[in-house]
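Assemble the complex: chain D is given as a structure, and chain C must be docked to it using the hints.
Single-letter residue listing:
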Amino acid sequence: MGEAGAAAADGAGPLLEADRLRFAYVEEPVLEDVDLRVAPGEFVALVGPNGSGKSTLLKLLLGSLRPGSGTVRLFGRDPAAVRDRGRLGFVPQRPTLASETPATVEEIVASGRLPRRGWWRPLAAADRTAVHHALESVGLASLAGRPVTELSGGQQQRAFIARAFASDPDLLVLDEPIAGVDAESQRRFRDSLVHLLHEHGAGVLLVSHELAAVAEDVDRVVVLKRRVLFDGPPSELAASGVSLGVHSEDLPLWLEGLR
Amino acid sequence: MSALTPPYPFDLGFMQRALVASLIVGVFAPMIGTFLVQKRLALIGDGIGHVAFAGVGAGLLVGIWPVWTALAFAVAGALGVEWLRERRRVSGDVALALLFYSGIALGVVLVSAADGLDASILGYLFGQPLTVTDDEIVTIAVLGAAIVAMVLLLRRALFAVVTDDEWSRVAGLPSAGLNSLLAVATACGVVAAMRVVGILLVAALMVLPVASGQLLARSFRGTLAWSVAIGVLSVVIGLTLTGVFDLAPGGAIVLVAAAVFGIVAAVKRSAPRALRQEEHG
Chain D
1 MGEAGAAAAD
11 GAGPLLEADR
21 LRFAYVEEPV
31 LEDVDLRVAP
41 GEFVALVGPN
51 GSGKSTLLKL
61 LLGSLRPGSG
71 TVRLFGRDPA
81 AVRDRGRLGF
91 VPQRPTLASE
101 TPATVEEIVA
111 SGRLPRRGWW
121 RPLAAADRTA
131 VHHALESVGL
141 ASLAGRPVTE
151 LSGGQQQRAF
161 IARAFASDPD
171 LLVLDEPIAG
181 VDAESQRRFR
191 DSLVHLLHEH
201 GAGVLLVSHE
211 LAAVAEDVDR
221 VVVLKRRVLF
231 DGPPSELAAS
241 GVSLGVHSED
251 LPLWLEGLR
Chain C
1 MSALTPPYPF
11 DLGFMQRALV
21 ASLIVGVFAP
31 MIGTFLVQKR
41 LALIGDGIGH
51 VAFAGVGAGL
61 LVGIWPVWTA
71 LAFAVAGALG
81 VEWLRERRRV
91 SGDVALALLF
101 YSGIALGVVL
111 VSAADGLDAS
121 ILGYLFGQPL
131 TVTDDEIVTI
141 AVLGAAIVAM
151 VLLLRRALFA
161 VVTDDEWSRV
171 AGLPSAGLNS
181 LLAVATACGV
191 VAAMRVVGIL
201 LVAALMVLPV
211 ASGQLLARSF
221 RGTLAWSVAI
231 GVLSVVIGLT
241 LTGVFDLAPG
251 GAIVLVAAAV
261 FGIVAAVKRS
271 APRALRQEEH
281 G
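Same order as they appear, the protein sequences are chains D and C. The first sequence begins at 1 in my numbering and counts up one residue at a time. The second sequence begins at 1 in my numbering and counts up one residue at a time.
Hint data in this document are derived by calculation from the structure and do not stem from the laboratory. There may be inaccurate statements among the hints.
[As the list claims (entries may be wrong)] To give an idea of the chain C side of the interface with chain D (calculated C-beta under 8 Å), a few residues:
| hint | residue |
| --- | --- |
| 1 | Ala-157 |
| 2 | Arg-169 |
| 3 | Thr-223 |
| 4 | Ala-225 |
[Claimed, not checked] Chain C is faced by these chain D residues, among others (derived, beta-carbon under 7 Å):
| hint | residue |
| --- | --- |
| 5 | Leu-62 |
| 6 | Arg-85 |
| 7 | Pro-115 |
[Stated by the list, open to error] Covered stretches of chain C (in silico footprint by chain D; criterion: 3 or more residues with CB under 8 Å from a CB of chain D, positions within the stretch not fixed):
| hint | stretch |
| --- | --- |
| 8 | 149 to 156 |
| 9 | 171 to 177 |
Glycine included, each C-beta is placed from N, C-alpha and C at the ideal position.
So that you can see chain D by itself, here it is in the shape it has in the complex:
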């Protein structure tokens, strides 16, 4: 995937790079000297116990917060200065939909084209094709016209993943996307991520503590608890007695016991 990956990054540099990030809410330090890197075609999982600073790190990486010190580079630039936001696909944690929202799956996914297309422009035929491909990649093409509220939790989450796919992202960032999702949806989720990594050479940053579904596909695991405690391939993590896949319940327990 080297070639596709390099093309996706507009050069050889990483898609996302954080260097010695520090952040504190008032006096309380949340992150200290955090380094993180996602290269084209690379699948990085970010894990950490509750309160480890994962959400804050994500906000810094996406440009919603500014670091106290250190630097973040998204596609080689300050995240807030990245104009072509379609290169970034984002799946927020538990997207909130008013329960009575009568929006179809297709309408939700079509929103994903706005960053690529320009939010003021009407969608064209190419956009509709991209939306259809995104729906197919998560196995929701047959439910395109259904109201989102009629879908199961797992199907709804796949719709939001398809929205991120719709802009053909070079980097996909997912915040706890499979928490409490059914097995079928987890399998679809894994297949669609692998497709994005291998066919498009995109990079993936997955924030989650349920990694069993993707254990075999993750290139690097980053364990965060205010600072980076581990950054390496899952096999090295396994050497310290933690398996992502076989003993999927080990990881959350191990994370909670971290000092």
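Frame of chain D; chain C shown alone:
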């Protein structure tokens, strides 16, 4: 009566003007309301209406056409409440309460200072489409056209922002700008609808048709279409009843919109039950 004359009660000039003004409001009010309801800000139109009342008072006091001062006050109030919400200085309902009470209090002070507490003020509070002038119809049409154009052009971006603000910001959509634009459009809508249904009832035409539309539609686009259709139906039936039975027009229109919701909700409640019985029967 000649066959070419519009049917009773729209055979008189003032009823025709009332119908034109009300139809425009019947189209744009539910359009804005569809986004406000998604944003869980169904009552914002009411809050802005109260501020518009203060604007009417200011106009009467300084001798400017109250529609202009109402527009200025409403836009300032809408942007102010959006500013408060954006910075999370206060919660949404407290921001609304601020708008409601300071608006109506300032309105009463200004209107009474202008010696305007007479029957004419009721036209602004409860609407009086039967006395709408040509100038007012032009104002309503211009504001209405701007709102309809904005909604049609920015429908998808507004939809993204009102349904998932966090994602929209990360995706680079100008979330704050679009929210402010929606707030300004709401203010324009309130002022344009002021003479038809009145400041105190304007939010009803933004919300009630949408409440029915949500029950009938299976998509956001469908909700917009149903809401507009029900808005138009409500003003036509409401004005007809007004002409025939000599009712208060603003109230009649809103009561029809509420009745439509009651009917739609009752039908929707019984329809799934019938379907379930069919499936299990």
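Okay, the hints, checked on the actual structure:
no.: 1; hint: Ala-157; result: holds (4 Å)
no.: 2; hint: Arg-169; result: holds (7 Å)
no.: 3; hint: Thr-223; result: holds (5 Å)
no.: 4; hint: Ala-225; result: violated (11 Å)
no.: 5; hint: Leu-62; result: holds (5 Å)
no.: 6; hint: Arg-85; result: holds (3 Å)
no.: 7; hint: Pro-115; result: holds (4 Å)
no.: 8; hint: 149 to 156; result: holds (count 3)
no.: 9; hint: 171 to 177; result: holds (count 4)
Consistency with the previously given hints fails for number 4 only.
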